[in-house]
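Trainee: Sequence positions in the sequence shown follow the UniProt record's numbering and run 1 to 533.
Incorrect hints may appear among the rest.
What the hints assert, rightly or not - In silico DSS-like cross-links for lysine-lysine, where the CA-CA straight-line distance does not exceed 30 Å:
id, residue 1, residue 2
1, 330, 84
2, 18, 34
3, 48, 33
4, 282, 355
5, 442, 417
6, 78, 48
7, 94, 18
8, 62, 38
9, 48, 101
10, 417, 365
11, 78, 62
12, 354, 397
13, 365, 442
14, 330, 78
15, 330, 355
Stated by the list, open to error - Pairwise CB distance ranges (calculated):
id, residue 1, residue 2, range
16, 332, 11, 50 to 56 Å
17, 104, 13, 39 to 45 Å
18, 77, 417, 28 to 34 Å
19, 83, 328, 26 to 32 Å
Since the hints were derived computationally from the structure, they do not count as laboratory data.
This one's a predicted model, so the numbers in the text were calculated from it and none came from an experiment.
Where is the CB? At the ideal position from N, CA and C, for every residue including glycine.
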Amino acid sequence: MPPLKRLHCDDVEWTRRKAAIVDMYVFDRLSQKKIRDKLEEGGFRVTKSELEAQLRFWNVRKNASADVWRYTDHMLFKRDQQGKVSVVYYNGRKVLRDTLKKERSRYQPDTLTKYMTAASPKTPEGMELWIRTPTPAPVQLMWTHTRPWIRFQNKVFRSILDLTNRVIDDEPQRHGSQTRLDFSPLHRRFNGHPFRNASEFDVHIASMMPEKADNSIANSAQIIVTGATDQAFNEHIQLILYCLSNNMYKINCQDKSSWVAVVNLIERSGLTNHPLDLAQEKDLTVTSIAENLFRLCFDYRHFQGTSAGSASNSSVISWLLESGQDPDVKLVIADETLTPLQVATSNHDFKLAKKLLDAGADPDKSFYYGWTPLLALLQENLDAYLEMTPEQRDIFKHLVLRLLEAGASLNEGPSDKGPSALMWAVRLDIQIAEILIQHGAKVEYQKRVMSFHFNIPGSKLIREQNVVGFAMYNSDEEQAMRKIHYLVRHVQRSYPSTPVTDLLTADVVCLAAYFGFKEVIEYWCGSQNDTNT
(Lines of atoms letter the chains of each structure in order from A and count residues from 1; the text may use other names and numbers.)
(Lines give C-alpha, C1' and ligand atoms only; values in the text may rest on other atoms or scores of the structure.)
Protein backbone atom coordinates (compact mmCIF):
# COMPACT_ATOMS: atom_id res chain seq x y z
CA MET A 1 0.00 0.00 0.00
CA PRO A 2 1.50 3.39 -0.97
CA PRO A 3 2.27 5.71 1.94
CA LEU A 4 -0.51 8.11 2.80
CA LYS A 5 -0.01 11.85 2.63
CA ARG A 6 0.76 13.18 6.11
CA LEU A 7 -2.18 15.12 7.56
CA HIS A 8 -1.87 18.35 9.53
CA CYS A 9 -2.49 18.01 13.26
CA ASP A 10 -5.65 20.08 13.02
CA ASP A 11 -7.00 18.14 10.05
CA VAL A 12 -10.65 17.10 10.27
CA GLU A 13 -9.69 13.40 10.05
CA TRP A 14 -7.67 13.67 13.25
CA THR A 15 -10.36 15.78 14.92
CA ARG A 16 -13.07 13.26 14.07
CA ARG A 17 -11.09 10.46 15.74
CA LYS A 18 -9.74 12.46 18.68
CA ALA A 19 -12.24 11.17 21.26
CA ALA A 20 -11.62 7.52 20.34
CA ILE A 21 -7.83 7.96 20.38
CA VAL A 22 -7.88 9.73 23.75
CA ASP A 23 -10.11 6.98 25.18
CA MET A 24 -7.76 4.24 24.00
CA TYR A 25 -4.59 6.02 25.13
CA VAL A 26 -5.68 7.58 28.44
CA PHE A 27 -8.59 5.52 29.75
CA ASP A 28 -7.93 2.07 28.22
CA ARG A 29 -4.14 2.50 28.62
CA LEU A 30 -3.41 0.88 25.23
CA SER A 31 0.07 1.08 23.75
CA GLN A 32 0.59 3.34 20.76
CA LYS A 33 1.11 0.29 18.54
CA LYS A 34 -2.29 -1.15 19.52
CA ILE A 35 -3.89 2.23 18.91
CA ARG A 36 -2.35 2.41 15.43
CA ASP A 37 -3.57 -1.13 14.71
CA LYS A 38 -7.13 -0.24 15.72
CA LEU A 39 -7.03 2.94 13.64
CA GLU A 40 -5.82 0.97 10.64
CA GLU A 41 -8.69 -1.50 11.11
CA GLY A 42 -10.97 1.50 10.71
CA GLY A 43 -9.23 2.58 7.50
CA PHE A 44 -7.00 5.28 9.04
CA ARG A 45 -3.32 4.34 8.83
CA VAL A 46 -0.78 6.46 10.70
CA THR A 47 2.88 6.08 11.56
CA LYS A 48 4.42 6.01 15.03
CA SER A 49 5.86 9.52 14.66
CA GLU A 50 2.53 10.89 13.39
CA LEU A 51 0.63 9.53 16.38
CA GLU A 52 3.25 10.83 18.81
CA ALA A 53 3.13 14.27 17.21
CA GLN A 54 -0.65 14.30 17.33
CA LEU A 55 -0.76 13.39 21.03
CA ARG A 56 1.72 16.21 21.73
CA PHE A 57 -0.42 18.61 19.69
CA TRP A 58 -3.50 17.69 21.74
CA ASN A 59 -1.45 17.82 24.95
CA VAL A 60 -2.69 14.33 25.86
CA ARG A 61 -0.69 12.28 28.34
CA LYS A 62 -1.26 9.17 30.42
CA ASN A 63 0.60 10.32 33.49
CA ALA A 64 -0.02 13.45 35.50
CA SER A 65 2.33 16.38 35.02
CA ALA A 66 4.16 18.22 37.80
CA ASP A 67 1.55 20.99 37.64
CA VAL A 68 -1.22 18.44 38.18
CA TRP A 69 0.51 17.00 41.25
CA ARG A 70 1.15 20.47 42.69
CA TYR A 71 -2.50 21.36 42.19
CA THR A 72 -3.59 18.02 43.69
CA ASP A 73 -1.38 18.57 46.74
CA HIS A 74 -2.85 22.06 47.21
CA MET A 75 -6.45 20.80 47.01
CA LEU A 76 -5.80 17.84 49.33
CA PHE A 77 -4.15 20.13 51.89
CA LYS A 78 -7.18 22.42 51.71
CA ARG A 79 -9.60 19.50 52.17
CA ASP A 80 -7.51 18.16 55.09
CA GLN A 81 -7.91 21.52 56.83
CA GLN A 82 -11.68 21.19 56.36
CA GLY A 83 -11.60 17.73 57.94
CA LYS A 84 -12.54 15.95 54.69
CA VAL A 85 -11.33 12.49 53.72
CA SER A 86 -10.30 12.44 50.06
CA VAL A 87 -9.83 10.04 47.19
CA VAL A 88 -8.22 11.09 43.89
CA TYR A 89 -9.16 9.89 40.40
CA TYR A 90 -6.93 10.74 37.45
CA ASN A 91 -8.15 9.88 33.95
CA GLY A 92 -10.92 7.76 35.42
CA ARG A 93 -8.59 5.65 37.56
CA LYS A 94 -8.24 5.81 41.31
CA VAL A 95 -4.76 6.93 42.40
CA LEU A 96 -3.34 4.50 44.95
CA ARG A 97 -2.53 5.89 48.39
CA ASP A 98 1.20 5.03 48.09
CA THR A 99 1.40 6.68 44.67
CA LEU A 100 -0.34 9.75 45.99
CA LYS A 101 2.03 10.00 48.95
CA LYS A 102 5.10 9.59 46.75
CA GLU A 103 4.03 12.16 44.14
CA ARG A 104 2.95 14.72 46.75
CA SER A 105 6.32 14.50 48.49
CA ARG A 106 8.13 14.70 45.14
CA TYR A 107 6.49 17.97 44.11
CA GLN A 108 6.41 19.83 47.42
CA PRO A 109 7.41 23.49 46.83
CA ASP A 110 10.54 24.66 48.59
CA THR A 111 10.42 27.48 51.14
CA LEU A 112 11.49 30.15 48.64
CA THR A 113 8.88 29.08 46.10
CA LYS A 114 6.12 29.19 48.73
CA TYR A 115 6.77 32.85 49.41
CA MET A 116 7.53 33.97 45.85
CA THR A 117 4.61 32.36 44.01
CA ALA A 118 0.85 32.59 44.26
CA ALA A 119 -0.68 30.78 47.23
CA SER A 120 -3.14 28.87 45.04
CA PRO A 121 -1.69 27.06 41.98
CA LYS A 122 -3.66 27.40 38.77
CA THR A 123 -5.88 24.54 37.68
CA PRO A 124 -3.97 22.65 34.95
CA GLU A 125 -5.73 22.70 31.59
CA GLY A 126 -6.94 19.60 29.78
CA MET A 127 -6.84 17.18 32.68
CA GLU A 128 -9.35 14.62 33.94
CA LEU A 129 -8.91 15.02 37.70
CA TRP A 130 -11.47 14.41 40.46
CA ILE A 131 -10.90 14.85 44.18
CA ARG A 132 -13.85 13.53 46.13
CA THR A 133 -15.00 12.06 49.43
CA PRO A 134 -14.60 8.24 49.21
CA THR A 135 -17.64 6.32 48.03
CA PRO A 136 -19.19 3.95 50.61
CA ALA A 137 -17.80 0.51 49.77
CA PRO A 138 -21.16 -1.37 49.51
CA VAL A 139 -22.32 1.09 46.86
CA GLN A 140 -19.42 0.80 44.45
CA LEU A 141 -20.50 -2.41 42.72
CA MET A 142 -24.21 -2.30 43.49
CA TRP A 143 -25.55 -0.87 40.23
CA THR A 144 -23.84 -3.39 38.01
CA HIS A 145 -25.95 -6.15 39.53
CA THR A 146 -29.19 -4.36 40.38
CA ARG A 147 -30.00 -2.39 37.21
CA PRO A 148 -29.81 -3.34 33.53
CA TRP A 149 -27.07 -0.93 32.48
CA ILE A 150 -28.31 -0.41 28.94
CA ARG A 151 -31.73 0.79 30.18
CA PHE A 152 -30.17 2.94 32.84
CA GLN A 153 -27.60 4.44 30.47
CA ASN A 154 -30.08 5.24 27.74
CA LYS A 155 -32.55 6.93 30.05
CA VAL A 156 -30.23 8.68 32.51
CA PHE A 157 -27.81 10.12 30.00
CA ARG A 158 -30.47 11.24 27.56
CA SER A 159 -32.51 12.85 30.34
CA ILE A 160 -29.61 14.66 31.96
CA LEU A 161 -28.17 15.69 28.62
CA ASP A 162 -31.50 17.22 27.61
CA LEU A 163 -31.93 18.64 31.10
CA THR A 164 -28.65 20.52 31.11
CA ASN A 165 -29.00 21.53 27.43
CA ARG A 166 -25.27 21.10 26.89
CA VAL A 167 -24.49 24.29 28.81
CA ILE A 168 -22.09 22.86 31.36
CA ASP A 169 -18.90 23.62 29.50
CA ASP A 170 -15.67 25.41 30.32
CA GLU A 171 -16.12 28.39 28.00
CA PRO A 172 -17.45 30.88 30.60
CA GLN A 173 -14.46 30.05 32.81
CA ARG A 174 -11.61 30.28 30.33
CA HIS A 175 -11.39 34.00 29.87
CA GLY A 176 -10.31 35.98 32.91
CA SER A 177 -11.84 33.65 35.47
CA GLN A 178 -10.09 33.21 38.79
CA THR A 179 -11.75 29.88 39.54
CA ARG A 180 -12.49 26.73 37.63
CA LEU A 181 -15.56 24.74 38.58
CA ASP A 182 -15.65 20.97 38.18
CA PHE A 183 -19.02 19.73 36.92
CA SER A 184 -17.41 16.62 35.43
CA PRO A 185 -19.66 14.06 37.20
CA LEU A 186 -22.61 15.41 35.21
CA HIS A 187 -21.11 16.18 31.83
CA ARG A 188 -17.87 14.23 31.48
CA ARG A 189 -17.97 12.57 28.08
CA PHE A 190 -21.72 13.13 27.69
CA ASN A 191 -21.27 14.74 24.28
CA GLY A 192 -20.60 11.62 22.28
CA HIS A 193 -18.57 9.85 24.98
CA PRO A 194 -20.93 8.14 27.45
CA PHE A 195 -19.76 6.09 30.40
CA ARG A 196 -19.21 2.54 29.29
CA ASN A 197 -20.53 0.67 32.31
CA ALA A 198 -22.44 1.07 35.54
CA SER A 199 -19.37 0.90 37.75
CA GLU A 200 -17.71 3.83 36.00
CA PHE A 201 -20.83 5.96 36.34
CA ASP A 202 -21.22 4.79 39.93
CA VAL A 203 -17.78 6.11 40.91
CA HIS A 204 -18.73 9.60 39.78
CA ILE A 205 -22.26 9.79 41.14
CA ALA A 206 -21.66 8.00 44.44
CA SER A 207 -18.56 10.06 45.15
CA MET A 208 -20.63 13.15 44.45
CA MET A 209 -23.27 12.08 46.98
CA PRO A 210 -21.28 10.54 49.87
CA GLU A 211 -23.91 11.50 52.45
CA LYS A 212 -26.36 9.05 50.88
CA ALA A 213 -27.01 5.74 52.62
CA ASP A 214 -25.50 2.62 51.09
CA ASN A 215 -28.64 1.58 49.25
CA SER A 216 -30.19 4.96 48.46
CA ILE A 217 -28.19 5.53 45.27
CA ALA A 218 -29.51 2.24 43.91
CA ASN A 219 -33.01 3.39 44.88
CA SER A 220 -32.42 6.60 42.93
CA ALA A 221 -31.43 4.53 39.93
CA GLN A 222 -34.62 2.49 40.29
CA ILE A 223 -36.72 5.67 40.27
CA ILE A 224 -34.88 7.17 37.31
CA VAL A 225 -35.30 4.01 35.23
CA THR A 226 -38.82 2.95 36.18
CA GLY A 227 -40.38 5.81 38.17
CA ALA A 228 -42.87 8.46 37.11
CA THR A 229 -41.58 11.52 35.25
CA ASP A 230 -41.89 13.87 38.23
CA GLN A 231 -40.11 11.38 40.49
CA ALA A 232 -37.30 10.92 38.00
CA PHE A 233 -36.98 14.67 37.61
CA ASN A 234 -36.57 15.06 41.37
CA GLU A 235 -33.68 12.61 41.25
CA HIS A 236 -32.06 14.63 38.47
CA ILE A 237 -32.48 17.75 40.62
CA GLN A 238 -30.65 16.03 43.45
CA LEU A 239 -27.78 15.07 41.17
CA ILE A 240 -27.37 18.67 40.04
CA LEU A 241 -27.68 20.11 43.55
CA TYR A 242 -25.09 17.69 44.88
CA CYS A 243 -22.78 18.60 42.01
CA LEU A 244 -23.21 22.28 42.88
CA SER A 245 -22.47 21.51 46.51
CA ASN A 246 -19.11 20.00 45.63
CA ASN A 247 -18.16 23.23 43.88
CA MET A 248 -19.56 25.82 46.29
CA TYR A 249 -16.31 26.32 48.16
CA LYS A 250 -14.69 27.26 44.83
CA ILE A 251 -17.31 29.81 43.80
CA ASN A 252 -15.99 33.35 44.07
CA CYS A 253 -18.88 35.81 43.81
CA GLN A 254 -16.47 38.61 42.94
CA ASP A 255 -15.47 36.57 39.88
CA LYS A 256 -18.50 36.93 37.65
CA SER A 257 -17.61 34.13 35.23
CA SER A 258 -17.66 31.37 37.85
CA TRP A 259 -21.12 32.43 39.01
CA VAL A 260 -22.35 32.55 35.38
CA ALA A 261 -21.48 28.85 35.05
CA VAL A 262 -23.57 28.04 38.13
CA VAL A 263 -26.55 30.13 37.01
CA ASN A 264 -26.41 28.61 33.52
CA LEU A 265 -26.52 25.12 35.01
CA ILE A 266 -29.53 25.92 37.20
CA GLU A 267 -31.49 28.01 34.71
CA ARG A 268 -31.05 26.05 31.50
CA SER A 269 -31.44 22.71 33.20
CA GLY A 270 -35.06 23.64 33.81
CA LEU A 271 -34.79 23.58 37.60
CA THR A 272 -36.22 27.09 37.95
CA ASN A 273 -39.43 25.87 36.28
CA HIS A 274 -39.95 23.18 38.92
CA PRO A 275 -39.95 24.48 42.53
CA LEU A 276 -38.81 22.04 45.18
CA ASP A 277 -40.78 21.36 48.34
CA LEU A 278 -38.09 22.09 50.90
CA ALA A 279 -40.57 21.91 53.77
CA GLN A 280 -41.24 18.24 52.94
CA GLU A 281 -37.72 17.40 51.74
CA LYS A 282 -36.33 14.59 53.90
CA ASP A 283 -32.80 14.80 52.54
CA LEU A 284 -31.12 17.29 54.89
CA THR A 285 -28.20 17.60 52.51
CA VAL A 286 -30.48 18.90 49.75
CA THR A 287 -32.02 21.51 52.06
CA SER A 288 -28.56 22.58 53.22
CA ILE A 289 -27.36 22.88 49.64
CA ALA A 290 -30.39 25.02 48.77
CA GLU A 291 -29.72 27.29 51.75
CA ASN A 292 -26.04 27.68 50.85
CA LEU A 293 -26.98 28.41 47.25
CA PHE A 294 -29.41 31.07 48.53
CA ARG A 295 -26.59 32.65 50.54
CA LEU A 296 -24.30 32.64 47.51
CA CYS A 297 -26.97 34.44 45.48
CA PHE A 298 -26.86 37.30 47.97
CA ASP A 299 -23.08 37.30 48.11
CA TYR A 300 -23.14 37.81 44.36
CA ARG A 301 -25.88 40.43 44.69
CA HIS A 302 -23.84 42.36 47.23
CA PHE A 303 -20.72 42.46 45.06
CA GLN A 304 -22.36 42.82 41.63
CA GLY A 305 -25.35 45.01 42.58
CA THR A 306 -28.45 45.20 40.39
CA SER A 307 -26.60 45.15 37.08
CA ALA A 308 -28.01 43.40 34.03
CA GLY A 309 -25.83 40.41 34.86
CA SER A 310 -27.81 39.78 38.04
CA ALA A 311 -31.10 39.15 36.21
CA SER A 312 -30.41 35.42 36.08
CA ASN A 313 -29.39 35.56 39.71
CA SER A 314 -32.90 36.88 40.44
CA SER A 315 -34.51 33.87 38.77
CA VAL A 316 -32.51 31.50 41.00
CA ILE A 317 -33.55 33.47 44.11
CA SER A 318 -37.19 33.37 42.97
CA TRP A 319 -36.97 29.60 42.41
CA LEU A 320 -35.53 29.02 45.88
CA LEU A 321 -38.15 31.23 47.54
CA GLU A 322 -40.93 29.42 45.65
CA SER A 323 -39.35 26.18 46.85
CA GLY A 324 -39.86 27.27 50.46
CA GLN A 325 -36.43 28.66 51.29
CA ASP A 326 -36.39 30.70 54.53
CA PRO A 327 -36.17 34.38 53.42
CA ASP A 328 -34.68 35.44 56.77
CA VAL A 329 -31.60 33.22 56.76
CA LYS A 330 -28.53 34.81 58.33
CA LEU A 331 -25.97 36.12 55.83
CA VAL A 332 -22.36 37.02 56.56
CA ILE A 333 -21.08 39.30 53.81
CA ALA A 334 -17.77 41.14 54.06
CA ASP A 335 -17.66 40.30 57.81
CA GLU A 336 -21.06 41.90 58.35
CA THR A 337 -24.12 39.94 59.50
CA LEU A 338 -27.19 40.86 57.45
CA THR A 339 -30.60 39.59 56.45
CA PRO A 340 -31.45 39.08 52.76
CA LEU A 341 -33.91 41.99 53.03
CA GLN A 342 -31.15 44.27 54.30
CA VAL A 343 -29.01 43.36 51.29
CA ALA A 344 -31.93 44.18 48.98
CA THR A 345 -32.74 47.51 50.64
CA SER A 346 -29.10 48.60 50.84
CA ASN A 347 -28.90 48.13 47.05
CA HIS A 348 -32.30 49.87 46.57
CA ASP A 349 -33.41 46.67 44.84
CA PHE A 350 -37.17 47.08 45.01
CA LYS A 351 -37.98 43.96 42.98
CA LEU A 352 -35.84 41.71 45.15
CA ALA A 353 -37.16 43.28 48.37
CA LYS A 354 -40.73 42.72 47.16
CA LYS A 355 -39.97 39.05 46.41
CA LEU A 356 -38.57 38.58 49.91
CA LEU A 357 -41.51 40.34 51.57
CA ASP A 358 -43.99 38.33 49.48
CA ALA A 359 -42.19 35.19 50.67
CA GLY A 360 -42.76 36.23 54.29
CA ALA A 361 -39.53 38.04 55.15
CA ASP A 362 -39.66 39.82 58.52
CA PRO A 363 -39.47 43.58 57.73
CA ASP A 364 -37.96 44.30 61.16
CA LYS A 365 -35.47 41.45 61.45
CA SER A 366 -31.98 42.69 62.19
CA PHE A 367 -28.91 41.27 63.87
CA TYR A 368 -27.93 44.72 65.13
CA TYR A 369 -30.30 46.78 67.27
CA GLY A 370 -31.75 49.78 65.48
CA TRP A 371 -30.60 48.67 62.04
CA THR A 372 -33.83 47.39 60.55
CA PRO A 373 -34.20 47.49 56.76
CA LEU A 374 -36.48 50.56 56.92
CA LEU A 375 -34.25 52.55 59.27
CA ALA A 376 -31.14 51.62 57.30
CA LEU A 377 -32.85 52.75 54.11
CA LEU A 378 -33.96 56.10 55.59
CA GLN A 379 -30.50 56.81 56.98
CA GLU A 380 -29.31 57.07 53.38
CA ASN A 381 -26.75 59.79 52.77
CA LEU A 382 -28.58 62.86 51.45
CA ASP A 383 -26.04 63.47 48.67
CA ALA A 384 -26.56 59.92 47.40
CA TYR A 385 -30.33 60.44 47.45
CA LEU A 386 -30.07 63.75 45.56
CA GLU A 387 -27.90 62.09 42.90
CA MET A 388 -30.63 59.56 42.13
CA THR A 389 -32.65 59.92 38.95
CA PRO A 390 -36.40 60.60 39.29
CA GLU A 391 -37.03 56.94 38.46
CA GLN A 392 -34.61 55.79 41.16
CA ARG A 393 -36.27 58.07 43.72
CA ASP A 394 -39.65 56.61 42.80
CA ILE A 395 -38.24 53.11 43.39
CA PHE A 396 -36.85 54.30 46.73
CA LYS A 397 -40.29 55.62 47.77
CA HIS A 398 -42.05 52.45 46.59
CA LEU A 399 -39.62 50.41 48.67
CA VAL A 400 -40.40 52.50 51.78
CA LEU A 401 -44.12 52.03 51.10
CA ARG A 402 -43.79 48.26 50.62
CA LEU A 403 -41.89 47.90 53.90
CA LEU A 404 -44.57 49.87 55.74
CA GLU A 405 -47.31 47.75 54.16
CA ALA A 406 -45.47 44.67 55.42
CA GLY A 407 -45.63 46.04 58.97
CA ALA A 408 -42.19 47.63 59.40
CA SER A 409 -41.77 49.36 62.75
CA LEU A 410 -41.80 53.17 62.89
CA ASN A 411 -39.38 52.97 65.85
CA GLU A 412 -41.67 55.03 68.08
CA GLY A 413 -42.29 52.51 70.86
CA PRO A 414 -41.35 53.14 74.50
CA SER A 415 -38.49 50.63 74.33
CA ASP A 416 -37.21 51.73 70.91
CA LYS A 417 -33.90 53.55 70.84
CA GLY A 418 -32.61 56.22 68.52
CA PRO A 419 -34.46 58.50 66.09
CA SER A 420 -37.83 57.43 64.73
CA ALA A 421 -38.34 56.47 61.10
CA LEU A 422 -40.05 59.83 60.46
CA MET A 423 -37.09 61.74 61.93
CA TRP A 424 -34.77 60.11 59.43
CA ALA A 425 -37.25 60.48 56.57
CA VAL A 426 -37.85 64.22 56.98
CA ARG A 427 -34.16 64.82 56.27
CA LEU A 428 -34.47 63.28 52.82
CA ASP A 429 -37.78 64.27 51.27
CA ILE A 430 -41.15 65.64 52.36
CA GLN A 431 -42.89 63.07 50.13
CA ILE A 432 -41.17 60.22 51.98
CA ALA A 433 -42.15 61.81 55.29
CA GLU A 434 -45.74 62.02 54.05
CA ILE A 435 -45.75 58.29 53.25
CA LEU A 436 -44.73 57.53 56.83
CA ILE A 437 -47.28 59.97 58.28
CA GLN A 438 -50.02 58.26 56.26
CA HIS A 439 -48.97 54.98 57.89
CA GLY A 440 -49.18 56.30 61.45
CA ALA A 441 -45.90 58.11 62.07
CA LYS A 442 -46.33 60.90 64.64
CA VAL A 443 -45.05 64.39 63.89
CA GLU A 444 -45.31 65.33 67.58
CA TYR A 445 -43.10 62.38 68.61
CA GLN A 446 -40.19 63.35 70.86
CA LYS A 447 -37.34 61.16 71.97
CA ARG A 448 -34.34 61.40 74.20
CA VAL A 449 -31.63 60.73 71.64
CA MET A 450 -28.05 60.03 72.62
CA SER A 451 -25.57 61.52 70.19
CA PHE A 452 -23.78 58.22 69.61
CA HIS A 453 -26.89 56.86 67.88
CA PHE A 454 -26.23 59.07 64.87
CA ASN A 455 -23.54 61.29 63.47
CA ILE A 456 -25.06 64.64 62.45
CA PRO A 457 -23.51 68.08 63.03
CA GLY A 458 -25.05 69.82 66.02
CA SER A 459 -26.52 66.69 67.55
CA LYS A 460 -24.20 66.89 70.56
CA LEU A 461 -25.92 70.11 71.68
CA ILE A 462 -29.14 68.35 72.56
CA ARG A 463 -30.38 65.23 74.29
CA GLU A 464 -34.08 65.32 73.42
CA GLN A 465 -35.41 66.06 69.97
CA ASN A 466 -38.59 66.02 67.98
CA VAL A 467 -39.37 65.53 64.31
CA VAL A 468 -39.41 69.27 63.52
CA GLY A 469 -35.84 69.60 64.73
CA PHE A 470 -34.71 66.86 62.35
CA ALA A 471 -36.15 68.85 59.44
CA MET A 472 -33.14 71.18 59.67
CA TYR A 473 -30.49 68.50 59.22
CA ASN A 474 -28.97 68.33 55.73
CA SER A 475 -31.10 71.31 54.61
CA ASP A 476 -30.56 74.95 53.76
CA GLU A 477 -32.77 77.52 55.49
CA GLU A 478 -35.38 77.63 52.73
CA GLN A 479 -35.72 73.85 52.68
CA ALA A 480 -35.87 73.73 56.48
CA MET A 481 -38.69 76.30 56.64
CA ARG A 482 -40.66 74.47 53.95
CA LYS A 483 -40.39 71.19 55.90
CA ILE A 484 -41.27 72.86 59.22
CA HIS A 485 -44.36 74.56 57.75
CA TYR A 486 -45.50 71.23 56.27
CA LEU A 487 -45.12 69.39 59.59
CA VAL A 488 -46.82 72.13 61.63
CA ARG A 489 -49.76 72.34 59.23
CA HIS A 490 -50.24 68.58 59.39
CA VAL A 491 -50.46 68.62 63.20
CA GLN A 492 -52.81 71.61 63.19
CA ARG A 493 -55.12 69.83 60.74
CA SER A 494 -55.18 66.68 62.85
CA TYR A 495 -55.13 68.37 66.27
CA PRO A 496 -56.37 71.99 65.93
CA SER A 497 -56.00 72.66 69.65
CA THR A 498 -52.28 71.84 69.69
CA PRO A 499 -50.26 75.08 69.99
CA VAL A 500 -47.33 75.59 67.63
CA THR A 501 -45.01 76.06 70.58
CA ASP A 502 -45.50 72.40 71.52
CA LEU A 503 -43.77 71.50 68.25
CA LEU A 504 -41.09 74.20 68.28
CA THR A 505 -39.33 72.88 71.36
CA ALA A 506 -35.94 73.90 72.76
CA ASP A 507 -34.02 71.57 70.45
CA VAL A 508 -35.48 73.39 67.42
CA VAL A 509 -34.21 76.75 68.70
CA CYS A 510 -30.77 75.35 69.58
CA LEU A 511 -30.33 73.75 66.17
CA ALA A 512 -31.60 76.87 64.36
CA ALA A 513 -28.97 78.91 66.19
CA TYR A 514 -26.29 76.29 65.44
CA PHE A 515 -27.08 76.27 61.71
CA GLY A 516 -27.62 80.07 61.59
CA PHE A 517 -31.25 79.78 60.46
CA LYS A 518 -32.51 83.27 61.39
CA GLU A 519 -35.90 82.73 59.76
CA VAL A 520 -36.57 79.66 61.91
CA ILE A 521 -35.77 81.62 65.08
CA GLU A 522 -38.09 84.44 63.98
CA TYR A 523 -40.82 81.87 63.33
CA TRP A 524 -40.32 80.49 66.84
CA CYS A 525 -40.46 83.99 68.34
CA GLY A 526 -43.69 84.68 66.45
CA SER A 527 -45.25 81.49 67.79
CA GLN A 528 -44.29 82.50 71.33
CA ASN A 529 -45.97 85.89 70.88
CA ASP A 530 -49.10 84.24 69.48
CA THR A 531 -49.25 81.95 72.51
CA ASN A 532 -48.83 84.84 74.95
CA THR A 533 -51.49 86.82 73.15
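Trainee: Compare the distance between the alpha carbons of residue 330 and residue 84 with 30 Å, and conclude whether the hinted pair is satisfied.
Mentor: It holds: about 25 Å lies between the C-alpha atoms, which stays within 30 Å.
Trainee: Quickly compare the C-alpha distance for residue 442 and residue 417 to 30 Å and report which way the hint goes.
Mentor: holds (16 Å)
Trainee: Residue 78 and residue 48: Cα distance at most 30 Å?
Mentor: Given pair residue 78, residue 48 is violated - Cα atoms ~42 Å apart, limit 30 Å.
Trainee: Holds or violated: are the alpha carbons of residue 365 and residue 442 at most 30 Å from each other?
Mentor: Roughly 23 Å between the alpha carbons, so the hint for residue 365 and residue 442 holds.
Trainee: Would you check the hint for residue 78 and residue 62, treating anything up to 30 Å between C-alpha atoms as holding?
Mentor: holds (26 Å)
Trainee: Between the alpha carbons of residue 62 and residue 38, is the straight-line distance 30 Å or under?
Mentor: holds (18 Å)
Trainee: Given the proposed pairing of residue 417 with residue 365, does the C-alpha separation stay at or below 30 Å?
Mentor: Given pair residue 417, residue 365 holds - Cα atoms ~15 Å apart, limit 30 Å.
Trainee: For a C-alpha distance cap of 30 Å, please report whether residue 48 and residue 101 respect it.
Mentor: Cα-Cα ~34 Å, so violated.
Trainee: Does residue 354 pair with residue 397 here, judged by a C-alpha cut-off of 30 Å?
Mentor: holds (13 Å)
Trainee: Need the status of pair residue 330, residue 355: alpha-carbon distance at most 30 Å?
Mentor: holds (17 Å)
Trainee: Can you tell me whether the CB distance of residue 77 to residue 417 sits inside 28 to 34 Å?
Mentor: violated (48 Å)
Trainee: With 50 to 56 Å as the target window, see if residue 332 and residue 11 comply at their CB atoms.
Mentor: holds (54 Å)
In terms of the numbered hints stated before, the structure departs from hints 6, 9 and 18, listed from lowest to highest.
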